[in-house]
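Colleague: Now for the letters of each chain:
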Amino acid sequence: MSQDESTLSSQQANQVLNDIESTKHAIIDGSRPPILLMLSSSISFAAIVFGYGMTEHENSWALAMWLGGIGFALSISLYLYTYRLLGIKPVIIPKSSGSIKLNIISALIFSILVFSSREIRLMGFAYAPHIAASLSAIIFFIVQYKYPTGEYIDEVKSHDDA
Amino acid sequence: MTTLDPIIHAPNRLTICSVLATSSELEFRIIKEQLNVSDSVLSKQLKILEEADYIKLKKKREFNRPRTWVSLTSKGRKAFEQHINALKEIVGSL
Chain L
1 MSQDESTLSS
11 QQANQVLNDI
21 ESTKHAIIDG
31 SRPPILLMLS
41 SSISFAAIVF
51 GYGMTEHENS
61 WALAMWLGGI
71 GFALSISLYL
81 YTYRLLGIKP
91 VIIPKSSGSI
101 KLNIISALIF
111 SILVFSSREI
121 RLMGFAYAPH
131 IAASLSAIIF
141 FIVQYKYPTG
151 EYIDEVKSHD
161 DA
Chain Y
1 MTTLDPIIHA
11 PNRLTICSVL
21 ATSSELEFRI
31 IKEQLNVSDS
41 VLSKQLKILE
51 EADYIKLKKK
61 REFNRPRTWV
71 SLTSKGRKAF
81 EQHINALKEI
91 VGSL
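Those sequence lines, one after another, are chains L and Y.
Residue numbers for the first sequence follow this note's numbering, beginning at 1 and rising by one.
Residue numbers for the second sequence follow this note's numbering, beginning at 1 and rising by one.
By construction, these hints were calculated from the structure, which means they are not laboratory data.
Please read all numbers here as calculations on a predicted model, not as lab measurements.
Be aware that a few hints might be false.
Now the stretches of chain Y that chain L is said to cover, found in silico as 3 or more residues with beta-carbon under 8 angstroms [said to hold, decoys possible]:
id	stretch
1	16 to 25
2	79 to 92
Residues from chain Y shown here face chain L by an in silico Cβ test under 10 angstroms; the list is partial [claimed, not checked]:
id	residue
3	Pro11
4	Ile30
5	Glu33
Yeah, the Cβ is synthetic: ideal placement off N, Cα and C, and Gly gets one too.
Based on the sequences and whatever the hints tell you, model everything.
Modeller: Right under this line is the structure:
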């Protein structure tokens with residue numbers, strides 16, 4: 001690759017961009033935590049959403065919500081510890097524009113799911129917590145799988161089409 | 001128009017910034033494995049980035065062994081994002 005930007009052609013720039021994305025994916029794919037750990041944190045999160053949706057005057061679902069919370073805290077702690085052993089510290093406070101957007105969108109989606117699980121059930125649709133909890137688990141698992149370090153990574157794609 | 005950053009543009013330093021952009025901090029060993037270079041070559045490249053205030057190095061003793069953690073500074077993260085934008089401009093995708 002030429003070091004002189006004036007001689008950097010469109011094809012070379014395209015190659016560099018593809019290399020950058022491949023490098024990022026190599027790190028992410030090579031260090032992804034065990035699927036079981038991601039599953040346990042997703043299921044614990046779903047338990048919180050389901051418990052919140054079903055809770056009424058401190059009934060037994062409130063306990064389920066607390067147990068889900070403890071399970072979630074434990075799995076996230078183990079998740080961070082596993083990464084630390086590997087030599088990677090995931091992003092907790094987002095810094096890049098991509099990860100800020102990712103965190104805002106995730107927070108919005110999860111907030112809507114948590115609150116709608118209860119509100120829609122109170123409006124009469126009994127299965128709202130079941131649906132919200134399932135969606136939460138699926139979305140949380142996908143987010144962890146695709147962005148395990150908390151940083152937004154583009155899909156590997158060619159920029160030739162420009 | 002955004003211009004390419006001459007400090008980041010060198011292949012090894014570009015790879016270092018790319019891997020650092022995936023997380024908050026990375027251990028020296030992980031970056032070395034990714035670049036497939038010797039300790040001295042990596043140290044030299046890291047020094048250049050550190051002098052430009054693009055990265056921060058922290059030496060700690062963890063799990064009974066010394067570990068060097070490397071992270072992009074906010075200046076480095078911004079410079080890397082601008083470098084990517086400059087590359088995209090050359091390709092014409094911006």
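Colleague: Indicate, hint by hint, whether the structure satisfies it.
Modeller: Here's how the hints hold up against the structure:
1. By the rule of at least three residues with a Cβ nearer than 8 angstroms to a Cβ of chain L, the coverage given for the stretch 16 to 25 of chain Y holds, with 7 such residues.
2. Residue count for the stretch 79 to 92 of chain Y with a Cβ under 8 angstroms from a Cβ of chain L: 8. That meets the three needed, and the coverage hint holds.
3. Restraint check, Pro11/Y versus chain L: the minimum CB separation of about 6 angstroms is within 10 angstroms; hint holds.
4. Because the closest C-beta pair between Ile30/Y and chain L is about 4 angstroms apart, less than 10 angstroms, the hint holds.
5. Taken as an interface hint, Glu33/Y checks out: its beta carbon lies about 9 angstroms from the nearest beta carbon of chain L, inside 10 angstroms.
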